[in-house]
Amino acid sequence: MAPVTRLVLDVLKPHDPGVVPFTARLGDVEGIDAATATVVEVDERVKTLRVTLAGEDLDLGTIREEVEDLSASVHSIDQVSCGSRTVEDPLLGE
Amino acid sequence: MAPVTRLVLDVLKPHDPGVVPFTARLGDVEGIDAATATVVEVDERVKTLRVTLAGEDLDLGTIREEVEDLSASVHSIDQVSCGSRTVEDPLLGE
Amino acid sequence: MAPVTRLVLDVLKPHDPGVVPFTARLGDVEGIDAATATVVEVDERVKTLRVTLAGEDLDLGTIREEVEDLSASVHSIDQVSCGSRTVEDPLLGE
Amino acid sequence: MAPVTRLVLDVLKPHDPGVVPFTARLGDVEGIDAATATVVEVDERVKTLRVTLAGEDLDLGTIREEVEDLSASVHSIDQVSCGSRTVEDPLLGE
Amino acid sequence: MAPVTRLVLDVLKPHDPGVVPFTARLGDVEGIDAATATVVEVDERVKTLRVTLAGEDLDLGTIREEVEDLSASVHSIDQVSCGSRTVEDPLLGE
Amino acid sequence: MAPVTRLVLDVLKPHDPGVVPFTARLGDVEGIDAATATVVEVDERVKTLRVTLAGEDLDLGTIREEVEDLSASVHSIDQVSCGSRTVEDPLLGE
Amino acid sequence: MAPVTRLVLDVLKPHDPGVVPFTARLGDVEGIDAATATVVEVDERVKTLRVTLAGEDLDLGTIREEVEDLSASVHSIDQVSCGSRTVEDPLLGE
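Protein chains in written order, with UniProt numbering: chain S, 1 to 94; chain Y, 1 to 94; chain E, 1 to 94; chain F, 1 to 94; chain A, 1 to 94; chain B, 1 to 94; chain Z, 1 to 94.
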């Protein structure tokens, strides 16, 4: 299978741990070079984050385990990129 | 015929396999250098993905077979690019 | 006359041949370096495509013949560029 | 007077000659390096084109003559650029 | 005082002289490297132009004189840039 | 944990100290290379700032202390980036 | 404190001095490399300008003095950037 180079995930996270240690821990998962988490919704008990992860060979299983270790859950997957380079969707935003 | 260098497809996919293995398998098809799948709609039984594929000589037949092997189907083709380089549509977004 | 370097055409195409072989055949016309076809409307019998063609000296006559050979027709011409370089319209999108 | 380097014109053109030969002929006028014509309106008898012309020293008189020779007319001038380089309007689109 | 490097002016101009000679004459004023005039409104007797002028040391007095010599008037000043480089407004369009 | 390279914070700040010394002090915190504060709301007693901080290894604890030392408070965290490079969210703005 | 590298100010200015000498004088303040003033509102007695100033070490006190010397006043501060480089707000425009 082609290596996954970028993942955009919807993550539900309790307020603890905070967004900063949560993202820093994800950024530390093997194969992840960069992680950006944007807070898109804040409810009483959970925050919804859109998390973008980039690397040379991302493993969803390992990422999901780390997310769950951090008391959060992957609610859905918004975008997946893989291959020897990253192609952007030319119709995004149309 | 000129080689196809980029394809944007609308794909209907059951929830299993997931978007990540689905895209990684597509990215592994001969001639595909990069694949990006964006989830555009989620229904009870299927997900609608917009899948962008790039390479030097894409073969729709092989891609369609792989998609169907993965229990999904190509619902429609949104954009096709071919030739020795890729030209963008200057009126897109107008 | 100055050489035509980019053409944007509105094309009506029956469902057969498909968009991929249709675009690949157009990309093979003499003088065409790149072809991108975006599906903009799907009706019962025809698809409307916006087709962008780029090259060093495009010939509309030859392109139209090829389109008609493929059972389709050039419905209208949206944009034409010609000369030793391509100038973009600075007011597009205003 | 400073040399005119880019002109954006509104042109009314009968259906004959077509947009392609019309633009190719304009692109052949002395001093024009590039011409891009976008069809912005189609009426029963005429098409309205927005025509962008670029070169090192454009002459409106010569361009207007050529336009009229082609049975069309310059309806209005939308933008004029001149000088030793081209400056874009920073407030365009505001 | 710091040298003015770019000016955006609102200019009211009678129909004569035309936009092309008007802009070409402005482009010829000492210190002006580039001039772009966009027609933003056409009334019975006057045209409103937004005129962008760029150079290394623009002098509004000289520009205003030239504008008035051409039977037009500077209605207002929309933007002024000066200094050893040009900084763009990061909040423009917000 | 992966080093944090960019933080976007919502900060509530009393009118004193002003936005300029406030941002300059934040920019002086160890590990911060650049700070940009945009005023997004002004109330009778407080200003709401969106503060973007960039560096090679940002520490939220130290930043929060500095913010509180300046009589302000971190109201929420909008975005966190970490890793050996910064990845942008491809779906931002969709 | 980290050096301030860019400031965006809301300035209220009487009609005299004009926007051009006003901006040119600001551009001359020590430490300012570039100044851009955009007129955002015109009232009977005052103009509201959004003024962007860039340099290697801007001093608000000196700038405010110069503004007041010019019979104008800093109405509010919209954005402040400081540090050894300038970071843009990734959420601007969201």
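Just so you know, these hints were derived from the structure itself, not from any lab. Take these hints with a grain of salt, some might be off.
Here are the in silico distance ranges between beta carbons for each label pair [to be verified]:
hint, chain 1, residue 1, chain 2, residue 2, range
1, A, Ser71, F, Asp57, 35 to 41 Å
2, Z, Gly61, S, Pro14, 43 to 49 Å
3, Y, His75, B, Val46, 30 to 36 Å
4, Z, Glu88, E, Asp57, 27 to 33 Å
5, Z, Thr48, Y, Gly31, 55 to 61 Å
These stretches of chain A come out as covered by chain F in the derived footprint (C-beta under 8 Å, 3 or more residues) [unchecked claim]:
hint, segment
6, 27-33
7, 36-47
8, 57-71
9, 77-88
Virtual Cβ for every residue (Gly too), placed ideally from N, Cα, C.
Verification of the supplied hints:
At roughly 25 Å, the beta carbons of A:Ser71 and F:Asp57 sit outside the given window of 35 to 41 Å. Separation of Z:Gly61 from S:Pro14 is about 46 Å and conforms to the stated range, judged on CB atoms against 43 to 49 Å. Separated by about 51 Å at the C-beta atoms, Y:His75 and B:Val46 break the suggested range of 30 to 36 Å. Between Z:Glu88 and E:Asp57 the CB atoms are about 42 Å apart, so this pair departs from the stated range of 27 to 33 Å.
Between Z:Thr48 and Y:Gly31 the beta carbons are some 58 Å apart, a value that agrees with the proposed interval 55 to 61 Å. With a cut-off of 8 Å between beta carbons, the segment 27-33 of chain A has 4 residues touching chain F; three or more are needed, and the interface restraint holds. Requiring three or more residues with a Cβ within less than 8 Å of a Cβ of chain F, the coverage given for the segment 36-47 of chain A holds, as 5 such residues are present. Evaluation of the coverage hint for the segment 57-71 of chain A: breached, as 0 residues show C-beta separations to chain F shorter than 8 Å, against a requirement of three.
Counting residues of the segment 77-88 of chain A whose C-beta lies closer than 8 Å to any C-beta of chain F gives 3; at least three are required, and the coverage claim holds.
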